[in-house]
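Engineer: Just so you know, the protein sequences line up as chains X and V, in that order.
Its first residue numbered 1, the first sequence is counted upward by one per residue in UniProt numbering.
Its first residue numbered 1, the second sequence is counted upward by one per residue in UniProt numbering.
Be aware that a few hints might be false.
Chain copies aren't distinguished; within one or between two, either way the pair holds.
As the list claims (entries may be wrong) - List of simulated lysine to aspartate or glutamate pairs, EDC-like, C-alpha gap at most 20 Å:
id, residue 1, residue 2
1, 160, 132
2, 160, 179
3, 81, 38
4, 180, 164
5, 108, 28
6, 160, 183
These are computed hints drawn from the structure, not numbers from a lab.
There are 2 protein chains.
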Amino acid sequence: MTEWSESLEHAAKQNKSLACFGLDPVIERIPIKEGNAEQKIAGFYGEILDACEAEDCLPGAVKPNYAFFAQYGFEGLRALKAVVDRARKTKLPVILDAKRGDIGNSSKAYAHEVFGFWQADAVTIAPYMGSDSVKPFIEFSERHGKGVYVLNRTSNAGAKDFQDLPVGGGKKLYLVVAEKIVEWGLHAKGNLGAVVGATSLDELAEINSFYAKAKNPVPLLIPGVGAQGAKAGDVVAALKKASKNLAVHRINSSSELNYAYEKQGTSDYAGASVKALKHLNKDIGLF
Amino acid sequence: MTEWSESLEHAAKQNKSLACFGLDPVIERIPIKEGNAEQKIAGFYGEILDACEAEDCLPGAVKPNYAFFAQYGFEGLRALKAVVDRARKTKLPVILDAKRGDIGNSSKAYAHEVFGFWQADAVTIAPYMGSDSVKPFIEFSERHGKGVYVLNRTSNAGAKDFQDLPVGGGKKLYLVVAEKIVEWGLHAKGNLGAVVGATSLDELAEINSFYAKAKNPVPLLIPGVGAQGAKAGDVVAALKKASKNLAVHRINSSSELNYAYEKQGTSDYAGASVKALKHLNKDIGLF
Numbered sequence: 001m002t003e004w005s006e007s008l009e010h011a012a013k014q015n016k017s018l019a020c021f022g023l024d025p026v027i028e029r030i031p032i033k034e035g036n037a038e039q040k041i042a043g044f045y046g047e048i049l050d051a052c053e054a055e056d057c058l059p060g061a062v063k064p065n066y067a068f069f070a071q072y073g074f075e076g077l078r079a080l081k082a083v084v085d086r087a088r089k090t091k092l093p094v095i096l097d098a099k100r101g102d103i104g105n106s107s108k109a110y111a112h113e114v115f116g117f118w119q120a121d122a123v124t125i126a127p128y129m130g131s132d133s134v135k136p137f138i139e140f141s142e143r144h145g146k147g148v149y150v151l152n153r154t155s156n157a158g159a160k161d162f163q164d165l166p167v168g169g170g171k172k173l174y175l176v177v178a179e180k181i182v183e184w185g186l187h188a189k190g191n192l193g194a195v196v197g198a199t200s201l202d203e204l205a206e207i208n209s210f211y212a213k214a215k216n217p218v219p220l221l222i223p224g225v226g227a228q229g230a231k232a233g234d235v236v237a238a239l240k241k242a243s244k245n246l247a248v249h250r251i252n253s254s255s256e257l258n259y260a261y262e263k264q265g266t267s268d269y270a271g272a273s274v275k276a277l278k279h280l281n282k283d284i285g286l287f
Numbered sequence: 001m002t003e004w005s006e007s008l009e010h011a012a013k014q015n016k017s018l019a020c021f022g023l024d025p026v027i028e029r030i031p032i033k034e035g036n037a038e039q040k041i042a043g044f045y046g047e048i049l050d051a052c053e054a055e056d057c058l059p060g061a062v063k064p065n066y067a068f069f070a071q072y073g074f075e076g077l078r079a080l081k082a083v084v085d086r087a088r089k090t091k092l093p094v095i096l097d098a099k100r101g102d103i104g105n106s107s108k109a110y111a112h113e114v115f116g117f118w119q120a121d122a123v124t125i126a127p128y129m130g131s132d133s134v135k136p137f138i139e140f141s142e143r144h145g146k147g148v149y150v151l152n153r154t155s156n157a158g159a160k161d162f163q164d165l166p167v168g169g170g171k172k173l174y175l176v177v178a179e180k181i182v183e184w185g186l187h188a189k190g191n192l193g194a195v196v197g198a199t200s201l202d203e204l205a206e207i208n209s210f211y212a213k214a215k216n217p218v219p220l221l222i223p224g225v226g227a228q229g230a231k232a233g234d235v236v237a238a239l240k241k242a243s244k245n246l247a248v249h250r251i252n253s254s255s256e257l258n259y260a261y262e263k264q265g266t267s268d269y270a271g272a273s274v275k276a277l278k279h280l281n282k283d284i285g286l287f
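In isolation and in its complexed conformation, chain X is listed as follows:
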């Protein structure tokens, strides 16, 4: 069995990329005229991944955002299935960004949904409900080498409302969550990761340096680069302060890669996405 952190390392080296290609379908921005939402979304990402493959520029992972697919109902969900299948065909690690989380039995059902039905390799989950909401995902991941990313310090403005609150002893809540992630991941052999936004580099460096001391690697999924304003090079510099093995981390960019054709003023949307991905890889500057 390949552990999630090993799959991440392998894909990073194979594709020479730490980039995670976030998939956020917005029908109005997909320049395909024929077909329903399913056909447009599946066609759009299919062509983009084909172009990535043809130009030998596959990303280090893909991250379909469940919300963006599900807003189009069954058509969107069938497109999600097609996109996951397409990504798996090229052995791309698939992180389903679904922010799941519920009490024990429900989380177990969610783990079956995400890993069994959607066939994702990893999932994002929310920590608010605590240990027993996380454990069913971890148990599944230990048995099958799947990845589980717990929301830790997110990239949005509202993250300040609760995540930054000082709890007993003045430690911020996101650090208490980080301690729990290390505790939960003791037997998970690098399958348990954390979502840490790129928009606050000090906090990213602080959290990463905390994880660097843990027994197992804690893969970071880092959103906030691109449209949200952070620079990939700065993120890598922040990571380098503590991480020995950068290949388990992923820097995500979504709309800047999806709709690169808009900025580039071209109708070749697949080519534009590949170009933007190459640009991101260069900004990351590792391979």
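Put chain V on the given structure of chain X with help from the hints.
Structural biologist: Just chain V now, kept in the frame of chain X:
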């Protein structure tokens, strides 16, 4: 436009019930032999709701748990659609228990998924990502009279890990979340509610007394009764300490109602569920 809190009051009085019938499909426990998962689940809950209607014993709301449907893939999701449609036919308020929550644009897409596609009347969401993760749901609810329940103090053991932590000033995190819920709900006219578990009655009474002072009603969705161990009568007693208008609250029971036939030793599962619901209504003791 009918506000969510008004729909709740109306349904409570119409159906003489504060009970929320949680729908947690588990194929192995559904005693229907023919058909695929979709047919079994839709058939099971269809028959139960038919029996409730025939015996003039409809619940005050239904709460399909997204996880339990989604674990069966597209068959489960099509069953969810059928079950929501069936509940709406009898004007039952439908709370989709989906624990959604993401940054702004993604939460907006989730609001479209839940209210637009699934046609739910209300949804449960997670608070960890803060204000901008909650606002798209609230904006949708203000325009369309939909309900939004924020996880506040949940009924599971792991709730202690983060929700009970003392933050600045010694106040517990769940109370800080409660303050935010009141702030977020200032213009929401009773559409913004909270999930507060029944397993800790002191905390339930404390939180409810805090909400009773707010300008707008904060409808509570209270899981934890039945299989999880809490008694409905105790919950009502705790609520009565502060709530003037109990009809906006809902006490949820899932597996005890779904699979009542097992305990009652009968093959008439629909009749057994009605009997269990009558029993729960009696325990609540309000009508």
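Engineer: Can you list which hints this structure breaks, lowest number first?
Structural biologist: none
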